[in-house]
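Chain residues, written in single-letter form:
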Amino acid sequence: DSGVTQTPKHLITATGQRVTLRCSPRSGDLSVYWYQQSLDQGLQFLIQYYNGEERAKGNILERFSAQQFPDLHSELNLSSLELGDSALYFCASSFQGFADTQYFGPGTRLTVL
Amino acid sequence: GESVGLHLPTLSVQEGDNSIINCAYSNSASDYFIWYKQESGKGPQFIIDIRSNMDKRQGQRVTVLLNKTVKHLSLQIAATQPGDSAVYFCAETNTGGFKTIFGAGTRLFVKA
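From first to last, the protein sequence lines are chains A and B.
Heads up: the first sequence runs through residues 6 to 118, numbered per our numbering.
Heads up: the second sequence runs through residues 6 to 117, numbered per our numbering.
Read the hints as simulated data drawn from the structure, not as lab findings.
Don't take each hint at face value.
[As the list claims (entries may be wrong)] Derived, one-sided and incomplete: chain A residues facing chain B with beta-carbon distance under 7 Å: (1) G33; (2) A104; (3) F109; (4) P111.
[Unchecked claim] Label pairs and their calculated CB-CB ranges: (5) A/Q49 with B/P87: 40 to 48 Å; (6) A/T106 with B/K76: 17 to 25 Å; (7) B/G21 with A/E80: 40 to 48 Å; (8) A/D76 with B/Q81: 35 to 43 Å; (9) B/K76 with A/N82: 35 to 43 Å; (10) A/L35 with B/G46: 23 to 31 Å; (11) A/S32 with B/A84: 43 to 51 Å.
[Claimed, not checked] Quick list of in silico lysine to aspartate or glutamate cross-link-like pairs, DMTMM-like style, CA-CA up to 20 Å: (12) B/K104 with A/D6; (13) A/K14 with B/D22; (14) B/K116 with B/E20; (15) B/K47 with A/D6; (16) B/K61 with A/D105; (17) B/K61 with B/E44; (18) B/K104 with A/D105; (19) B/K116 with A/E67; (20) B/K76 with B/D22; (21) B/K116 with B/D36; (22) B/K73 with A/D76.
Think of the CB as a built atom: it goes at the ideal place given N, C-alpha and C, for glycine as much as any other residue.
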């Protein structure tokens with residue numbers, strides 16, 4: 006158990022809908038990262054927050070957004086969902102937010118029908 | 006659990022043998038490297054890391070080697086066990102920026 010929690014574990018929804026994925030980092034970690042993992046791809050970095058502020062952006066679509074709250078938990082919002090958004094979404098956390106080990110949560114499996 | 010990376014490079018080894026998983030990284034400015042293990046249905050799990058001022062680091066049954074000249078990283082697993090079967094990812098980052106780049110992954114099969 007990494008100490009990072011993600012909810013829900015599974016999510017099934019329809020195209021065009023909007024969902025919110027939630028992540029609680031390890032106690033003491035200030036930085037949260039979001040990744041997308043499809044069956045035929047590796048881990049694609051989406052976005053990183055550090056102590057409530059956006060720190061780095063990767064391959065995140067405009068239909069996706071995220072935020073980190075004062076209690077350091079984070080939410081990833083996915084809107085106007087398409088079939089191709091079906092994937093595993095992982096949250097990771099680390100203490101200082103650069104060049105340190107990221108600890109991954111168990112992931113949320115999103116299925117868009 | 007569900008499989009990740011259906012078309013990943015695959016390494017098949019006999020239980021008890023040593024395994025070597027290789028990774029070519031992309032950014033010559035990267036100065037921190039990590040190996041992760043991902044078992045089916047789970048999130049990636051930290052195995053070992055190395056900074057660019059080192060060329061070798063050892064853990065319990067695992068060794069990471071870094072060759073900055075050719076931008077190559079390897080993970081050696083001694084006396085491979087069935088529980089080592091997983092997908093292994095290398096990751097690179099640098100202290101000047103904040104993005105972590107993950108490699109495509111290698112699937113390790115351990116035959117009993």
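A quick look at each hint next to the structure:
1. G33: A/G33 check fails; min Cβ-Cβ to chain B is 16 Å, beyond 7 Å.
2. A104: 4 Å, holds
3. F109: Holds: closest Cβ of chain B sits about 4 Å from A/F109, inside 7 Å.
4. P111: At 5 Å from the nearest chain B Cβ, A/P111 passes the 7 Å test, so the hint holds.
5. A/Q49 with B/P87: 40 to 48 Å: Given a distance of about 30 Å, which is not inside 40 to 48 Å, the answer is violated.
6. A/T106 with B/K76: 17 to 25 Å: 21 Å, holds
7. B/G21 with A/E80: 40 to 48 Å: Check passed, 46 Å falls within 40 to 48 Å.
8. A/D76 with B/Q81: 35 to 43 Å: 41 Å, holds
9. B/K76 with A/N82: 35 to 43 Å: For A/N82 against B/K76, whose Cβ atoms are near 36 Å apart, the range 35 to 43 Å holds.
10. A/L35 with B/G46: 23 to 31 Å: 28 Å, holds
11. A/S32 with B/A84: 43 to 51 Å: 34 Å, violated
12. B/K104 with A/D6: 24 Å, violated
13. A/K14 with B/D22: With Cα atoms ~36 Å apart, A/K14 and B/D22 exceed 20 Å; violated.
14. B/K116 with B/E20: 6 Å, holds
15. B/K47 with A/D6: Satisfied, since the Cα-Cα distance of roughly 10 Å is no more than 20 Å.
16. B/K61 with A/D105: With Cα atoms ~18 Å apart, B/K61 and A/D105 stay inside 20 Å; holds.
17. B/K61 with B/E44: The given pair, whose Cα atoms are some 25 Å apart, is violated under the 20 Å limit.
18. B/K104 with A/D105: 11 Å, holds
19. B/K116 with A/E67: 44 Å, violated
20. B/K76 with B/D22: 26 Å, violated
21. B/K116 with B/D36: Roughly 35 Å separates the two Cα atoms, so the pair is violated.
22. B/K73 with A/D76: 40 Å, violated
The structure does not agree with the numbered hints 1, 5, 11, 12, 13, 17, 19, 20, 21, 22 stated previously, though it agrees with the rest.
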